[in-house]
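Using the sequences and the hints, build the whole thing.
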Amino acid sequence: MLRKTIFLALCAVMAVPVAASAQGPVLSLPSGVSGDSATPDSGKLVFTYPCAFVYADGKPYGAKVARHVCDYMHASLQDAARTFNSLPTLAAQKEMLKSVTRVADADYVRYLKGKTVLLEETDPELVSSRLPPLKALLQIEDLRRLVESQGEQIARPFLWPRPPEYLQKSYLDVSAGKFQDSWNPYVGVFLKRDASLVAKSQEFESRMIRSTDAKAEGRVRASLLARAVKAGASPKAAAAALARLFDGGGGSVKDSGADPASFALGAAAPSGLRKWTAPAAGRLGLPSALPPPIPERGAALAKRGYFARGSEAGLKRIDDDAKIAVWHALGWSQTLGDPTAAVPYIIVQKGPTCAIGAQYEAMRVRRLDVGIQALVQEAVDKGYYAEYGLASGFRAGGTFNDDANALLRDHGISSRLMLKATPLKLEESIAGGGGAIVTVREREFWNEPSLPESAAHAVYVSGAEINPHGHVLGYYVNDTGTGEAMRFVSASDFKKAWTGVMVSFVPSSSGVPEGGAR
Amino acid sequence: MYQRANQLRASSGCTTLVPAEFGQMLPVPMKRGSGFAVLFYPLESSPGHVEALTPIVKGLFGAGREADSCAKIAGVKLRALGPPVPLNLSNADYYRQQERVFSSLNLVADAYWQGGKPNPAEKKQVNEFAQAFSAVAEPPLLPYYYRLNPDFWEWIEKQAGYSIPKT
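Top line first, the protein sequences correspond to chains A and B. Numbering-wise (the working numbering), the first sequence opens with residue 611 and increments by one. Numbering-wise (the working numbering), the second sequence opens with residue 7 and increments by one.
It should be emphasised that the hints constitute simulated quantities derived from the structure, not laboratory data. Errors might be hidden in some of the hints.
[To be verified] Result set (SDA-like, lysine to any residue): computed pairs, CA atoms no more than 20 Å apart in a straight line:
no. : chain 1 : residue 1 : chain 2 : residue 2
1   : A       : K992      : B       : G19
2   : A       : K1106     : B       : S109
3   : B       : K130      : B       : P145
4   : A       : K1106     : B       : R10
5   : A       : K1105     : B       : P171
6   : A       : K960      : B       : A86
7   : A       : K1105     : B       : Q13
8   : B       : K37       : B       : K172
9   : B       : K129      : B       : Q104
10  : A       : K1106     : B       : Q104
11  : B       : K64       : A       : K960
12  : A       : K825      : A       : V808
13  : A       : K802      : A       : Q749
14  : B       : K37       : B       : G70
15  : A       : K745      : A       : V808
16  : B       : K123      : B       : E134
17  : B       : K129      : B       : W119
18  : A       : K1105     : B       : A98
19  : A       : K674      : A       : E705
20  : A       : K1105     : B       : Y101
Structure representation (structure tokens):
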């Protein structure tokens, strides 16, 4: 944070008040400091945070100092307390307080004006409900970015310097990530605005999901109708059968003589994939392997983290899941492993702890009751994980390749570290061991151009999608780097990103993934 | 060459020193018979912001019979140096330029090790390498590239007119 240096100038001439003309306009705003006729002339004030002015002998200072003045002193002036407290006389202190109040008041007015403008500019109601969902979501993303960048900037004169632990997004700092109470009066309103934009975006995300569901349902209907007609059924009879199958005897299939294309386009009732794929497939005698349903709302939807990498990536994920549901319904593919089992254990990592996060998920799926914080501490204690603190407060580091499965080993889960694994080995680990941990190139995997190609990232592979010929169409991944669960990654995209490093799981003698025993 | 450089991470001396999350610099030819060197650097990343930190591990590969190796660099003070990817470089360009670096590196290294004046074909490769390298190398790490083998970069400057910051 850039801190103003007017106090240094003041220090140089000790007890000379800051010239008002140099500090902006004198305002008629509610002044930060009022007169204090009862103050004894002897004895100086002592300024401490948060915002206490008392006399050296402990008596309270009668004048009220506004909160924004106090916060301004702490946030924007260098060594404010030390300088204030070392002024030689009470008169000099009062003069300084008066000068600072003028500046703080002026900045506070600017803050209030800026806040009003920003809140107007980012009103969620500005996003028309008639917009296509993706367009609306992109617009909301822009508004959220504006709130984030501008909000802090506007409030900056009053924001206390961040303590180092605020930035240290590390499990090793238990206080990390807690918001400073002192910021709330200034940025709380922007956080609320952000929350309301998030709520607005959820409305469009649900619409996007419903519309994708409907399109997928249309595709399945059309395909099934074509099959039935090809098999000799009259279009009318086939359509009636479909109507019974999907809508319980009527519903949206009104034109029983319509061609398949009209069903595909035909605004099929947005009933949601989960309502029909598995039972429909069952009634048609198609493979009823677990379809990956798209949760419509609530915690189940949140856990998937569809939109964690932005709206466009979210739309792709939803499309992928809808596409897979169609594949399932039509018997074109089935799921290897049980990716839904890993969904509840998705976390968003702090610091470079992806390999620990992936092992954590593997343990939880295998019914080990472990905590991520404790695992990270254990990895540090045992030297599996190195974390470096920086002057900026951020953390860097990671897990050594050799130790990519060390915690699993220590917790009694059989696994094997392979530095040059093949897709076949990965498939075997999913089929026999219930999953795998792989390292991928972040740049490719996240489509994130700010990252170098060489940096890698560990993720938990919880399943795969295979076609009737046994070919892998793609993999399901839990990614603690983004908080995405059960993300489908096509086999070709996966191949491009995979480094070849893999931790495979060994099936127990009973054929189910092992876990629990040490 | 690309695969060879990437294999270094999986070699026995490196798996205990280089976390998967570290970035890896492009290889630099060392003196004749000494193969290639790379430096590994931690990354500091937060949403929308990535910085390369001071490299902390040095790796060597391709030195004849000598096994690939990694060693910690002593006395490193970690500092955030800047974005590891040149700004305004498209994804497609990034991969294309990286491919050009790796595909020309062997020939460039051979020409450098032979000494003397490169023939026209070699000269073309040196220019190709210099152009691609300047497009894709981590901007804040250029002085570290130089320090790995100043003689190589002086030779590159002489042949291709391309120089990198020394400090």
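Status of the hints after comparison with the structure:
1. Annotation: proposed proximity of K992 (chain A) to G19 (chain B) holds, straight-line Cα distance about 19 Å (limit 20 Å).
2. With a C-alpha separation of about 19 Å, the suggested pair K1106 (chain A) and S109 (chain B) falls inside the 20 Å cut-off, and the hint holds.
3. At most 20 Å may separate the alpha-carbon atoms for a hinted pair to count; K130 (chain B) and P145 (chain B) exceed this at roughly 24 Å.
4. A distance of roughly 17 Å separates the Cα atoms of K1106 (chain A) and R10 (chain B); the hinted pair therefore holds under the 20 Å criterion.
5. Distance restraint check for K1105 (chain A) and P171 (chain B): the Cα-Cα separation of roughly 37 Å exceeds the 20 Å cut-off, and the hinted pair is therefore not satisfied.
6. For the given pair, K960 (chain A) sits about 19 Å from A86 (chain B) by alpha-carbon distance, which is consistent with the 20 Å threshold.
7. Distance check on the hinted pair: K1105 (chain A) and Q13 (chain B) sit about 17 Å apart at the alpha-carbon level, within 20 Å; holds.
8. The suggested pairing of K37 (chain B) with K172 (chain B) holds, with an alpha-carbon distance near 18 Å, which does not exceed 20 Å.
9. Straight-line distance between C-alpha atoms of K129 (chain B) and Q104 (chain B) comes to about 19 Å, which keeps the hinted pair within the 20 Å bound.
10. Taking the CA atoms of K1106 (chain A) and Q104 (chain B), the gap is about 15 Å. The hint holds against a cut of 20 Å.
11. Of the pairs offered as hints, the one joining K64 (chain B) and K960 (chain A) is violated, with about 27 Å between alpha carbons and a cut-off of 20 Å exceeded.
12. Restraint check for K825 (chain A) and V808 (chain A): the C-alpha separation of about 25 Å exceeds 20 Å, so the hint is violated.
13. Of the supplied pair hints, the one linking K802 (chain A) and Q749 (chain A) holds, its CA atoms being roughly 18 Å apart against a limit of 20 Å.
14. In summary, the hint linking K37 (chain B) to G70 (chain B) is supported, as the alpha carbons are separated by about 12 Å, within the 20 Å threshold.
15. Our distance criterion of 20 Å between C-alpha atoms is met by K745 (chain A) and V808 (chain A), whose separation comes to about 15 Å.
16. A threshold of 20 Å between alpha carbons decides the hint, and for K123 (chain B) with E134 (chain B) the separation of about 16 Å falls inside it, so the pair holds.
17. A C-alpha spacing of about 14 Å is found between K129 (chain B) and W119 (chain B), which places the hinted pair at or below 20 Å, so the restraint holds.
18. A C-alpha spacing of about 18 Å is found between K1105 (chain A) and A98 (chain B), which places the hinted pair at or below 20 Å, so the restraint holds.
19. With a C-alpha separation of about 15 Å, the suggested pair K674 (chain A) and E705 (chain A) falls inside the 20 Å cut-off, and the hint holds.
20. Distance check on the hinted pair: K1105 (chain A) and Y101 (chain B) sit about 16 Å apart at the alpha-carbon level, within 20 Å; holds.
Checked against the numbered hints above, the structure violates hints 3, 5, 11 and 12; every other hint is satisfied.
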